[in-house]
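Listed below, chain by chain, are the residues.
Protein chains: 2
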Amino acid sequence: MRIPFLLFVSLLLSCLSASAVEPSQDLARITVIVTDYCAAWSEPEPARRLALLQKTWAEKGTYTDPTAIVEGRDALHQHIGKFFEQFPGAKIVLSSGVDVHHDKLRFGWQLVAGDGSIALEGMDYGELDENGLIQRIVGFFGPMPVKP
Amino acid sequence: MRIPFLLFVSLLLSCLSASAVEPSQDLARITVIVTDYCAAWSEPEPARRLALLQKTWAEKGTYTDPTAIVEGRDALHQHIGKFFEQFPGAKIVLSSGVDVHHDKLRFGWQLVAGDGSIALEGMDYGELDENGLIQRIVGFFGPMPVKP
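Note that the protein sequences, when read in sequence, are chains B and S. Numbering of the first sequence is given in the numbering used here, commencing with residue 62 and proceeding in unit increments. Numbering of the second sequence is given in the numbering used here, commencing with residue 62 and proceeding in unit increments.
Misleading hints may appear alongside valid ones.
Note that the list lumps identical chains together, so a pair holds whenever it fits in one copy or between two copies.
Each computed DSS-like pair below joins lysine-lysine, with the alpha-carbon atoms no more than 25 Å apart [to be verified]:
no.	residue 1	residue 2
1	Lys121	Lys165
2	Lys143	Lys208
3	Lys143	Lys121
None of these hints come from the bench; they were simulated from the model.
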C-alpha cells in the first residue's frame, strides 16, 4: 500500500508546481505589501500610516476580524487610529512567511503590546485586487481551535 | 508597564465576548456543515456525495485551492469524483474545531490516503451564505510558511 501513497503525494506536488502558485518575484512583492500593511498597524502617526495604507490597501478594501467590520481605506485608517488612542505603542508584526496562490493569501501575525510582550497571536486570510493591493482581510484570533 | 498590557488583553477579550462571534448553537450547526462537507470529499459514491454537497454547499459556491478553481456545486461534485478516480480510498478529515465569526470560518484538515497514512495537511478559509451553506472555500496546503 506504499506505492499509491507515494504516487498520490508526487502527483499532488506535480500539480502544485504546474499550478497558479505565484512565482517567487510575485511572492517577494506580495511579502513587501503584507509587511507594509502590518507596518500600518504599527504606525501611530496619521500621515505615515495613511501613506502605508495607500501603497498596500485598495480604496474600497474591506477588513473583518472577530471584533470589527471596516469598509474602505479611509475607514481602516481611522479604525487603526482609534486602536492607537486606546493602546499606545502596540504593533502588529508578521510572524510567518506569506502563503499565496491565485490572488489569495494567508499569514500569521503577533500583536505586540507597548511593553514588548505578545498580547495576541492570529492569522489573516487576504485577497489582492488586479493592482496587487489588498482588497480584503479576514482575521482570526488565537491558534486554530482544537478538535472537539 | 504591566497594567497597559493587562488592560489591553482584557479590553480585547471583552470586545470579543460582545462581538458577532457566533453563539454556540450556531457553532454546533456550522461544525456539522463543515464535517459533512469534509465527508463529501470522503465519499466516492456519486449519489451520496451529491446529497452531502446539497446540504452543505451553495449551488453557485466557489472552491479554490493551489491546484484548482471550481465554480458551482455540480462542478465541485465532478471535481471530487475525478479526485477519487485517481486516488481511490482517500479521505478528507477535519483536524481542528471550526473557528467562526460573522459568516467567515477556518478549519484544519488532513488528507488521509487509502493506506491510512496522512498524505497532506492544510487549512481552509470559508464563507457561509444567508442560508448557512458554504458559498466559498479557499484552501491552503501544508503548515503556515516559516518567516523568511
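How the hints compare with the structure:
1. Lys121 with Lys165: both (17 Å within a copy, 19 Å between copies)
2. Lys143 with Lys208: Result: close neither inside a copy nor across copies, 35 Å intra and 29 Å inter.
3. Lys143 with Lys121: For Lys143 and Lys121, only the intra-copy Cα distance (20 Å) is at most 25 Å; the inter-copy one is 38 Å.
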